[in-house]
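Note that the protein sequences, when read in sequence, are chains A, B, C and D. Count along the first sequence starting at 1, add 1292, and that's the number in the numbering used here. Count along the second sequence starting at 1, add 1292, and that's the number in the numbering used here. Count along the third sequence starting at 1, add 1292, and that's the number in the numbering used here. Count along the fourth sequence starting at 1, add 1292, and that's the number in the numbering used here.
Keep in mind that a hint or two might mislead.
Same chains, same label: a pair holds when it works inside one copy or across any pair of copies.
[Said to hold, decoys possible] Below are the SDA-like pairs computed for lysine to any residue, each with C-alpha atoms no more than 25 angstroms apart in a straight line:
(1) K1522 with V1445
(2) K1522 with E1586
(3) K1532 with L1451
(4) K1522 with A1581
(5) K1426 with A1317
(6) K1522 with D1539
No wet-lab data here; the hints were simulated from the structure. Quick caveat: nothing in here was measured; it's all calculated off a predicted structure.
There are 4 protein chains.
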Amino acid sequence: MSSRLNVAVIGAGYWGPNLARNFRASADWNLAAICDLDLARAQRVADSVGGVPITPSLDDVLTDPAIDAVAIATPARTHHPIVLAALDAGKHVIVEKPLADTRERGVEMVDRARQNGLVLMADHTYCYTPAVLKIRELIEEGALGDILFVDSVRINLGLIQPDVDVFWDLAPHDLSIMDFILPGGLDVTSVSAHGSDPLNTGKACIGYLAMPLNAGGIAHVHVNWLSPTKIRQMVIGGTKRTLVWDDLNPQQRVSVYDRGVDLALQSKETADTRAANISYRLGDTWAPALPEREALANVAGEFAAAIREARPARTSGESGLRVLSVLEAATTSLGALGAPHPVTSYVKEVQEA
Amino acid sequence: MSSRLNVAVIGAGYWGPNLARNFRASADWNLAAICDLDLARAQRVADSVGGVPITPSLDDVLTDPAIDAVAIATPARTHHPIVLAALDAGKHVIVEKPLADTRERGVEMVDRARQNGLVLMADHTYCYTPAVLKIRELIEEGALGDILFVDSVRINLGLIQPDVDVFWDLAPHDLSIMDFILPGGLDVTSVSAHGSDPLNTGKACIGYLAMPLNAGGIAHVHVNWLSPTKIRQMVIGGTKRTLVWDDLNPQQRVSVYDRGVDLALQSKETADTRAANISYRLGDTWAPALPEREALANVAGEFAAAIREARPARTSGESGLRVLSVLEAATTSLGALGAPHPVTSYVKEVQEA
Amino acid sequence: MSSRLNVAVIGAGYWGPNLARNFRASADWNLAAICDLDLARAQRVADSVGGVPITPSLDDVLTDPAIDAVAIATPARTHHPIVLAALDAGKHVIVEKPLADTRERGVEMVDRARQNGLVLMADHTYCYTPAVLKIRELIEEGALGDILFVDSVRINLGLIQPDVDVFWDLAPHDLSIMDFILPGGLDVTSVSAHGSDPLNTGKACIGYLAMPLNAGGIAHVHVNWLSPTKIRQMVIGGTKRTLVWDDLNPQQRVSVYDRGVDLALQSKETADTRAANISYRLGDTWAPALPEREALANVAGEFAAAIREARPARTSGESGLRVLSVLEAATTSLGALGAPHPVTSYVKEVQEA
Amino acid sequence: MSSRLNVAVIGAGYWGPNLARNFRASADWNLAAICDLDLARAQRVADSVGGVPITPSLDDVLTDPAIDAVAIATPARTHHPIVLAALDAGKHVIVEKPLADTRERGVEMVDRARQNGLVLMADHTYCYTPAVLKIRELIEEGALGDILFVDSVRINLGLIQPDVDVFWDLAPHDLSIMDFILPGGLDVTSVSAHGSDPLNTGKACIGYLAMPLNAGGIAHVHVNWLSPTKIRQMVIGGTKRTLVWDDLNPQQRVSVYDRGVDLALQSKETADTRAANISYRLGDTWAPALPEREALANVAGEFAAAIREARPARTSGESGLRVLSVLEAATTSLGALGAPHPVTSYVKEVQEA
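Next comes chain A alone, as it looks inside the complex (with noise of 0.2 angstroms):
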């Protein structure tokens, strides 16, 4: 399939511009149009890219036959409307983290895209860096056994939201990182969520999120905008080797130890008599190199390919509904003082429909 597909980029705020640079400079894509209620400001992501047409008007966009596709870059309380109207009119979609507001209506955006049988993509650009595509590679080829646990830091001197809290605001990164490099995607089965807001801003500033995984053990997000220092950091044990992922280390951000602790299982053995049979592996330490390429550019083939390959993308809206689910769940459980709260599954909910 040689021509190209047409997208517009509904939003010309703060992401919109990246996704209408990408999109231009794609093989796959002919950017169409740019679509803000702000004219101005959608003139000025028009000729940052060298010049596209603009237009205030949705209708306009999803009516134009010529359209195949549109990117929302608009605030999260809008993505409903815009998502649907845009699958009603036959467009695939790709749309800004978090898919919605609400679980309740992600998963309304889902089933019509189902129905319609339409791409609906979200955009958890993360995912796309080299970094995790090479991790995501790796735990699928079997490098690191079966995962064990996965421990996530995100922390920094941040802004504080006017609108999230933490967990809203940072956590989406490391649980889509999860959904996607996870055998299963991010299968837990609770959340407990702990937060603290000691400035009194009226929101958490510091959260924790433990969630045990379905599949055994466990995983974990750290997620804090009043530390002083930045650390970007993951972890995660396998059964055979551990990989650690350190973001701020240009020079080496993945390794991969082939360092850990082993069972020698044998039937009929006790607690007891298993810790006798435990022994240590401390071997070497890898460091694969990573392609440099932007994540965005990733993201726009992935989305085409999706498209023309009639499969959900890697990062479906059904990942994106996972991430929502457990931030939702995570609202609930903070409410809670930290107890846990079940995770309901989308998968489930639709055997049981």
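Position chains B, C and D relative to chain A; hints supplied.
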């Protein structure tokens, strides 16, 4: 007071030799005896410090009127009877962590020391390292302002212990340090413990503790036996400054960041206007020089000073009890899948009794 | 003085666009023209800053009485004729590094600027980064005491340049920075250059420069195109404190160590007794906060200030000449297998003339 | 050969106790005597290893037919007479660095050992650390390809020695390691030494050594007593891969980078076309696991093996001589302000004799 105090070391296993060496080297102490049922072991320790009387009999030690104090380095389950016997014999006591194997027994030990007017000191060695002493001093003099959060990470490829889980093995370090440096000690409302045993060893190998502080803010601990990389880091956020202690960076263990979030609070403001009054400080970083001195030498000095000044040791029996209380509550929370469990305060108990 | 100065950028290749962007954004300047023989290239630069007149003719620029100054970003071998023409046309000049392709030509340019009473500024951009500005300020105010040594390492897997060796490619950065921060500028007695071309590329890919300082102490530079790890570090030792600049550590670029060796010198002492009077300071470390500001914005500001205040720029033609003098002497030393080669001082030359 | 060899340690000062402890612990050796004029000092060392005969008389040791070998840890100026006496008494010898205080005396010692058919080993302890043994192995098996450069930095706030300058104090480590790992040993054409004594202590406190390698490429050493930060790093560039040894990073001491510059050389090409044929490899990084083993235990083992197999030790007298030759040439170069000074090869000398 120029004369030396006489001390006997009870238990010549893993930690006993270190105690013996430091009491021997101290100007405050005369190392009077090594006591262990295994006489050969006692002899090896005695030889290593240039010769000291040995005995297999605890009674001999406790009935010797020349002995002022005993240092107990026996297994945790034996602390209760040995400490009580020593206190009843009129000896001051320093005892290894944990204070006892149950909180109830710990309370009895602390009560007995109070009643008998004797020093009961918890050997929280880490508190006497130059780094932790400096941190306590900085917080005490107000350099950090009010404490907003404490986040401690202690992960490593560690030995899976036969009898205790990762909480009881590693967290006493973090908890005793928090108790030592926080103005009001480790004063938490409740504890939520999340653990995982993904290798089926029969006990948690990965653990998280979330503890809201009574004074506001939150304390959190991450301990892990399965990490291939070693991290020992504590971040202590305050209203004025934030401190990072990286124990594995000998060139800069303690860093004080004059960075943070400032709130210009005004009367009648709402959460919305509050957000508008947030500003950021991005000031200098400062790393205090730390003297080089073995922590146990400081422990020996503090034990002697507490006895001579008839005051509680800086790591008193009560502080050991606070650590024990959190650990015991953590075990309960762990059994309840992380639901927060209240932590009883000893002070409250005493007041109510 | 409220009116803006008019500047034309000559050369629209690699560096020209950066100059154009920063002059455009500066409150001190009016970007009046882009001049390049390749008009298409000039147009692209003009477009990128929102539209500026372009011309292929240097004469047009130099004969335009409205133009106060020119910024020259053409190849090094063309600097000499263009700069002289501009100075003769009464324009102030800022020119890319290196000042010229030979020291002799550089001297002629500096002489001409003096004779014509015009500013000739070397665009040593690195000197205007927040880190280097702070280092200069600290040395100036005496925070380090007298300078004992400067050691600079700039290694990386670098592009092997077709026309210059590693000394001429990388060392101008280190040398111009040393010239900027040292109280008397880069005032060295001689230079020894050791190079190696182990891949037989036809030019040195690894280089070392040793330069005794006239004020005492030594400066040293290590540049290397063949290192798989990137290091950009400068250590500046002083009698009072020592400063380490690690340009690849964004969280702590500049560290000032209150550590060092103290000599308690007394009259009549000999080298032997002197050794006995040595003591060590192991004081605190301090990392100043650095503002975030693009270096070229500071360059544009300094160029305007020098013109308005009729004073030499902080990176003057003379400083460019000192860098050039060391590089030329280094090339001679390299040909003599590292034998030290004297470096002629421009000041001396002028005084003797 | 199952019986143990008998060794006496001569000199009970700084290093003697370490030698005594390791010979005592070795399965290859019987520690037969400690010899020191200061009998109290000898006794302390003997006690520390659980009791060994002591003597103040070197003659007693050398005339004892049961003694197979001596380990000499006396001041450098005494090495020459003691080593010659020991060799003449038929004893194998291991001697502290430096081999002797002058090259001439070192040559006499090496000659005598050859003539007498005895092992003369230089105790270059650093060469037997797990990291250096691994580096030697990797180079030997061709993992790095041909060596292009070796750059070693060893800087620290160091004790200013009363009798030697920073070259003689620190550089023997770097030089002996280079001699150990380079395929042909430390085979340099000349050495240029640049030093500085900015505090007027009477000797160089900062030093640089540049040494073109006979096999092509360059070796360089930076030693410094005045640096507030500690760096111990060696970069070894090869045609295939480059290795970085960071001795202060216990979590990843040795890293092998599959990165570098490739030249597609063709016949008849010129330097210009050559540049066009350069390409870059940006492959993986690999950090081999290193066993934990004390270097001196390996030294004791190698000494025994060399004696039993009647072969030179891996750090032979000749290797000690090569280090001494470079140091002596460096001192001459230092006096000539860094002019390169030739280094005489012992092999050549022997062949010409």
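Taking the hints in turn, this is what the structure says about them:
In this assembly of identical chains, the alpha carbons of K1522 and V1445 lie at most 25 angstroms apart whether taken from the same copy (10 angstroms) or from different copies (15 angstroms). When the C-alpha separation of K1522 and E1586 is checked against a cutoff of 25 angstroms, the pair qualifies both within a copy, at 22 angstroms, and between copies, at 22 angstroms. Within a single copy, K1532 and L1451 get their C-alpha atoms only as close as 39 angstroms, which misses the 25 angstroms cut-off; across copies the closest is 17 angstroms, which meets it. Taking identical chains as interchangeable, the C-alpha atoms of K1522 and A1581 lie at most 25 angstroms apart whether they share a chain (24 angstroms) or sit on different chains (15 angstroms).
For a Cα distance limit of 25 angstroms, the shortest separation of K1426 from A1317 inside one copy, 23 angstroms, qualifies, whereas the shortest one across copies, 40 angstroms, does not. In the homo-oligomer, the alpha carbons of K1522 and D1539 lie at most 25 angstroms apart both inside one protomer (10 angstroms) and across protomers (17 angstroms), since each shortest distance falls under that limit.
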